[in-house]
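Residue numbers (the numbering used here), protein chains in the order written: chain S, 649 to 857; chain P, 649 to 857.
No lab work stands behind these hints: they were computed from the structure. Please read these numbers as outputs of a predicted model, since none were measured by experiment. Hints are not guaranteed to be accurate.
The list makes no distinction among identical chains, and a pair is therefore deemed to hold if it is satisfied within one copy or across any two copies.
Capping the alpha-carbon separation at 16 Å, the derived lysine to aspartate or glutamate pairs in EDC-like fashion look like this [what the hints assert, rightly or not]: (1) 699 - 661; (2) 857 - 822; (3) 857 - 829; (4) 713 - 779; (5) 719 - 751; (6) 752 - 823; (7) 666 - 715; (8) 787 - 851; (9) 787 - 706; (10) 699 - 746; (11) 819 - 853.
Protein chains: 2
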Amino acid sequence: MSFTDKSCTEFVEALASKAPVPGGGGASALVGALGMALGSMVGSLTVGKPKFADVEADVQELMRKADALQKSLLGLVERDAEVFEPLSRAYGMPKETDEQKAEKARVMEACLRECCAVPLEIMQCCAEAIDLHESFAEKGTAIAISDVGCGVICCKAAMQSASLNVFINTKWMEDRAYAEEINTTANAMLDTYTAKADAIFADVDARFK
Amino acid sequence: MSFTDKSCTEFVEALASKAPVPGGGGASALVGALGMALGSMVGSLTVGKPKFADVEADVQELMRKADALQKSLLGLVERDAEVFEPLSRAYGMPKETDEQKAEKARVMEACLRECCAVPLEIMQCCAEAIDLHESFAEKGTAIAISDVGCGVICCKAAMQSASLNVFINTKWMEDRAYAEEINTTANAMLDTYTAKADAIFADVDARFK
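Whole structure, please, built from the sequences with the hints as guidance.
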């Protein structure tokens, strides 16, 4: 059974256990999917209403993009678990001879790249999700504006949480040029999108003050 | 079927739909439960290991508290949906006569108090969850320190997200003294705990730099 087919309670319990997966990466992807779904809800409450006829096509397009991102993020919950297993096996490889050491280093480096690529993709999905929230706030019905705020702040946390799972893997890479390239990409996304998410959240929050 | 018995995918899809529940409040509680579970995982990976024998009892106690909070937060996913239904019915009450207006106002005020109490309780659970993450970071195994960072930042987002669901209800209360009292409590929690969560996250993040 896939992790996203588990009930919410079962997923939470599996996360709390000592089982190696799901872990922080998978939880990040799920929180991102929950955040994106809150944005979509605003779209769902907007479309088909005469009052919003002039933005109907735009909102439908936003909803298609949001639905695709939501599916990608749920898929990344599974992917994160899949790539972790080979890394955990690689840690146990023998390193008694020089040949074994070299082979272990080679396998470890390949596994770290895989384990890093998944949370980086989660971050990229969250960046797109934050952009979509901005559009839902602009074009969607005001009656669900609090859900835009809830959604965007969840996507921000999902991105920050995923970033730790990028950095924990780049830290151990031997190819420092590659590791630094990934870190630069991740840090640039964090800089841009945590600020953007905070601005959208603050704008929603101000409407209730 | 309860919402937390739904699969993760079904919950995300229900959230994205135009159905009134689950909404931002329920999603906040689930994100809080996911965050707390990540803290518990650090405990699960710590207990029973000779290296951590001197903190075994402390970590066991933290895990008991975390498990109770996790269950409370999952319960609040359901509670949030339960209290929303009477409010949505109250909006539709007739207000043609003075008697009807007075009755509607009375029922609305009672419903707003209920709808406000649930996200406030979610915030309180998240505050305790953030405190527990601080303890897990101090006493738990360093091999899972990234999960403390992931967990605490999810609990922070859950608290912020729940706060919007407090403010959206206090805004419409007629009893302004009561509304302001709730707002003051919520804002004090936000001030203390978003800063605390950020400090814990930054401390974890710094270990990978």
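#### Entry: Structure-inconsistent hints, enumerated in ascending order
As far as the earlier hints go, 1, 5, 10 are violated by this structure, in ascending order.
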